[in-house]
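Chemist: Listed here are the chains, written in short residue letters.
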Amino acid sequence: MADMRVTLCGVELKNPVIPASGTFGFGREYDEIYDISRLGGVATKGLTLLPRLGNPTPRIAESHGVILNAVGLQNPGVEHFIEHDLAWLKGKTRVIANVAGSTLAEYGEICARLEGLVDFIELNISCPNVKCGGMTFGVKPESIREVTAVAKKNCPRTPLIVKLSPNVESIPANARAAEEGGADCISLVNTFTGLAIDIERRRPILFNNTGGVSGAGIKPIAVRMVYEAAKAVKLPIVGMGGITSAEDAVEFLMAGATAVQVGTANFTDTRASLAIAEGLNDWCDRHLVSRVSELTGTLKLN
Amino acid sequence: MREVTATVLENIRIAEDTYSLTFACGEEIPVRAGQFCMVGVHGYPLRRPIAVCKAEGERITVCYRLKGGGTRTLAGSYKAGEKLSVLLPLGNGFSVKEEEKRVAVVGGGAGVFPLIAAIRRYAPEKELFAYMGFRNRASVCMEYEMRRGKKLVLCTDDGSVGYKGSSVQAFMEDIGEVKPSVVLACGPLPMLRALKSAAGGRLPVYVSLEERMGCGVGACLVCVCNKTDGAHARVCKDGPVFEIGEVEL
Ligand SMILES: Cc1cc2nc3c(=O)[nH]c(=O)nc-3n(C[C@H](O)[C@H](O)[C@H](O)COP(=O)(O)OP(=O)(O)OC[C@H]3O[C@@H](n4cnc5c(N)ncnc54)[C@H](O)[C@@H]3O)c2cc1C
Ligand SMILES: Cc1cc2nc3c(=O)[nH]c(=O)nc-3n(C[C@H](O)[C@H](O)[C@H](O)COP(=O)(O)O)c2cc1C
Ligand code: FES
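Sequence lines, in order, name chains A and B. Here our numbering is used: the first residue of the first sequence is 3, the next is one more, and so on. Here our numbering is used: the first residue of the second sequence is 854, the next is one more, and so on.
A couple of the hints might just be wrong.
Said to hold, decoys possible - Quick list of the computed label-pair ranges, beta carbon to beta carbon:
1) A:Gly79 <-> B:Glu1096: 46 to 56 angstroms
2) A:Ala175 <-> B:Gly1054: 57 to 67 angstroms
3) A:Pro53 <-> B:Thr1081: 44 to 54 angstroms
4) A:Glu117 <-> B:Glu953: 50 to 60 angstroms
5) A:His86 <-> B:Glu869: 46 to 56 angstroms
6) A:His86 <-> B:Thr1081: 42 to 52 angstroms
Rather than coming from a laboratory, the hints here were simulated on the basis of the structure. Built from N, CA and C at the ideal position, the CB exists for glycine as well.
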């Protein structure tokens, strides 16, 4: 038995495997299948100040080794989460509240509401900024610095994770912008923007036309981006993008991540997050690694 | 709700582009009529939702139409003895009230398969009338299962067997005589819309909906449908069966 504990921003996780935002709800459904307290934490569905209905369907499509989604942030709103799900989820494992806003003020308000209530706040900055013609907050370094600073000002005591979008010019520049804005941790990657076409109808499959690409096929790009982010900043990194096995998770840890998130794999295999946590322990045992945290950032380039 | 590694017992063609797949779950899993399972297919990130036709102890039978790559791989690569990852039972299923003695089932296309489970469940204790639509003679299957009720009207688009026309048309011609206390339906959206305008509001009509799915367990919110009250419902968890007046089609 290797020591699977990792410490992220001073908070101990029992292992480094966390289901990714949007794929796991608030954990209740998966807890019917296995005990989710065996996971390092849960990243919640993206929360907004007010409830959101999201996009019309189809919201999901599939391509080779990947899926596309355009849920449009359907969620019951932060108050509903606090009232109905938070206490239950906290009783199970570490809670990473993923939050989204359409203005700076909204990001500030939602962080203030969650301050002190959750273990981490994860800022989803891949949302359109309504005041900037819909350009997402997460594209330009200046806007990342600004939204991070507003968020951090409103949750000074809660570790703030800034979740980077991969649809950008420079991951190192954006990671540094988050660090300068006051982030305590960086997570990446969110989904890649993609388009899947129904050639019989000559129309996009998704109602929203484009959607976020995730799943096994994005993994090498995500690993490269995690490596770049880890090199660019001193903050701890939570890596994700296409992880389907313990070996995939090891790649992310070696590239510089302290913990990992598992998204799409939960759909393919309902027990994936748990299987990856357990498999990571076995991998460490087989490789005589006594503490999983030793793996972080051990990649040596040729 | 469980994820099991099942063993394929049989996976055979039963009609044009239609297969019947029976697998053993290794444990008895109670499944209600109208519930479904999510079948994992090698090489595809998303599981495929398929209604359960028959549940007999640890043995489950589903029937599926070939559509795209997933169902083709399922038909081509899963012979008897192969392992199959299945998540089940999912969704709410049909429920007919004690006092509803006369049950009509109206199905079309792949929508006939969840209704086979309803026929098996309700034919022994209710007066059951079935209206089942197929493309043509070559696509008709499971006729012996559909005959368990009091009456079966087979319908084909081209009239090569039975009634020429849709199962909704055949049902509406009979409705005065049959006087059903409840209708259970599943099929393509145009069919369900026709049923809604013809029979919705006159008597309880329950429809089983289809939507593309991610998790299948109610967590990811990709499978929603619009309710008439403006809210969203998850087809995988709150459905797939809804009262027809409750949802927008
Ligand atoms: C609750 C439920 C029960 C179903 N029961 C049956 C059944 O008993 N027999 C049967 O033949 N079919 C059934 N279907 C439809 C079946 O899920 C699709 O035909 C199948 O997923 C197609 O997969 P594919 O890879 O062959 O097609 P593709 O078109 O290549 O699939 C691409 C993606 O779209 C999804 N998709 C495509 N069509 C549908 C659809 N109609 N509904 C939901 N997802 C779809 C696939 O799951 C996959 O994720 C049911 C669907 C639902 C939601
Ligand atoms: C259906 C679905 C919904 C998602 N919703 C969110 C969300 O609300 N907030 C967020 O930050 N990321 C969301 N994501 C992105 C994932 O958290 C993750 O960053 C991405 O899927 C890459 O990981 P994966 O390849 O393991 O899935 C969603 C992904 C999927 C597939
Ligand atoms: S498929 Fe995930 S909520 Fe229905």
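Chemist: Next step is simple, just say for each hint if it's right about the structure.
Modeler: Right, here's what the structure says about each hint:
1. A:Gly79 <-> B:Glu1096: 46 to 56 angstroms: At 27 angstroms between Cβs, range violated.
2. A:Ala175 <-> B:Gly1054: 57 to 67 angstroms: 60 angstroms, holds
3. A:Pro53 <-> B:Thr1081: 44 to 54 angstroms: Violated - the Cβ-Cβ distance for Pro53 of chain A and Thr1081 of chain B, about 18 angstroms, lies outside 44 to 54 angstroms.
4. A:Glu117 <-> B:Glu953: 50 to 60 angstroms: Because 53 angstroms falls inside the window, the suggested range holds.
5. A:His86 <-> B:Glu869: 46 to 56 angstroms: 49 angstroms, holds
6. A:His86 <-> B:Thr1081: 42 to 52 angstroms: At 24 angstroms between Cβs, range violated.
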